[in-house]
Amino acid sequence: MTDKGMSPKSLSPENLSPGNLSIDNALHGLEEFLRDRIAPAIEDPYVSPMARLSAMVLRICANSVDDAAELRVEENAAIRAILGEAVPLLPASIAGQCHDAATSRDPGLKISILDAENHRLRVLLVTAQAVLEDGIGPAAKALDQRIWQLLETVETKRAPRD
Amino acid sequence: MSSLEAQVAAYLAHRMPEAVGIVVDELGRIYGGSSQETFRFHATWKEGEISIDRRLILRRDATAGLVVAERDLEYNVYRALAGQGLPIPGVYFLELDAKWLDRPFFIMDMCPGKPGSPFVLTDPYDGHGTAIGEQYWSILGMLAAIDYKAVGLESLRNGAAPSGYWALELDRWEAILDENEALIEPAVRGAMRWLRRNPPPEPAKASIVHGDYRSGNFLFTEDGNISAILDWEMCHIGDPLEDVAWGLDPFWPITRHYPLDEGLARWEAASGIALDRAALDWWLLFTAVKACVIWTTAASGFASGKNREMTMALSGIRAGHFHRDLILKMMRTRGAMG
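First to last, the sequence lines map onto chains R and F.
The first sequence begins at 1 in the working numbering and counts up by one.
The second sequence begins at 1001 in the working numbering and counts up by one.
If you're looking for bench data, these hints aren't it; they were derived computationally from the structure.
Since the structure is predicted, the reported quantities are computational estimates derived from the model, not experimental observations.
Take these hints with a grain of salt, some might be off.
What the hints assert, rightly or not - Covered stretches of chain F, going by a simulated chain R footprint (3 or more residues, C-beta under 8 Å): (1) 1054-1061; (2) 1271-1283; (3) 1307-1316; (4) 1321-1335.
C-beta atoms are modelled at their ideal positions from N, C-alpha and C, and glycine is treated no differently.
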């Protein structure tokens, strides 16, 4: 393998061959087959709509494969950043945990590992926000509002793509 | 007869020893509904010289449903509300012994009509939206007007509580969320805290709450009459505004067919209760939270493999997002984002 073959440009998504049978490509193929060939051939009035729903679920899954890791890495980083900002406003009992989380890194890039880390960070975010809501002063209120804004951004990015 | 048809026939013979020549056929599962499995079937038999021909419904516990329902609850509610002027099916046999059909079930009348799906772009009520809307609100008002103790439903959840229904229901749904949530959702938890910090007033009258009263959970006939209110698995005692708010949720809004103010006026007239709009606003956010919890149980049931119905997966993914997004919009209007 030459250095030219490993250049960043050649690894960019737009340079992948359209013939690459990626995971999302294969899932889309399954979805189309289920929707267009299998579902119409099923006569059972219960199973037929279930087959169509299965195709819809497959499509949503297929559309979430490519950037699944990127989305979680970015979300975890955003939560860490806001937990770091919260540390000075929190009681010592949870400030230490939030500081540790804010300076932590994702332990791996498997989706299951990123999800577990995401859950851990979200639990801390819920705890911190509950404290901030009870806090007095503009700094606590402003950070509480920014957490809500972050939750809006997270939900928008995680919206199912049909 | 199929295996299940033969099992149902054997059960009917057990419950109706006077019946002769029981035949069960045309049994088929009905699409929709994820809390219980619903089957329609046709049964014929003779009692003396009289030939009986019935179209019936079998409601059987799912292996894992959207919510944790008490097994005999729906059957008991149907029995208690018979004769109260509400369109509901007649019920016959409740069976809790799993030896007959693997799981508990009950048998009831198959009512005429069809459901109107709230999830289609076309008119689900075939041009009868106004008539359906009028009946929808009047029937819900009639339900709120019923004295739950007088009909023997004080045994329902919260039936012995003197007050604090909102907190009892919020506690219940938070506990279900705690049990089923694999990935914590800060927006849902934040909305729950807001609901606790801003409680609604006590209801003017504690009422029977259907718990899932909405478009899609009733049947209507070709002439535009609501023929049956169904799906009472989440019935309990509480604030009647819980049902009012549930039907207004934008996932299945009855306001698509009938104007809000006219609907609420009909509900007030039928219930005899003056509706508190500020309290309704609290229950609208509660509705979105409760829906999120239900979708979480759907996702959990599917992920665990206990229930592989595709509606469970789709509810967990798509409906869950819809209601979290709705919560965020509601929290924005409440000033949460500044």
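Hints and how they fare:
1. Counting residues of the stretch 1054-1061 of chain F whose beta carbon lies closer than 8 Å to any beta carbon of chain R gives 0, which falls below the threshold of three, so the coverage claim is violated.
2. Residues of the stretch 1271-1283 of chain F lying with their CB closer than 8 Å to a CB of chain R number 0, which falls below the three-residue condition for coverage.
3. Counting residues of the stretch 1307-1316 of chain F whose CB lies closer than 8 Å to any CB of chain R gives 5, which reaches the minimum of 3, so the coverage claim holds.
4. Requiring three or more residues with a Cβ within less than 8 Å of a Cβ of chain R, the coverage given for the stretch 1321-1335 of chain F holds, as 6 such residues are present.
Hints 1 and 2 from the earlier list are contradicted by this structure; the remaining hints agree with it.
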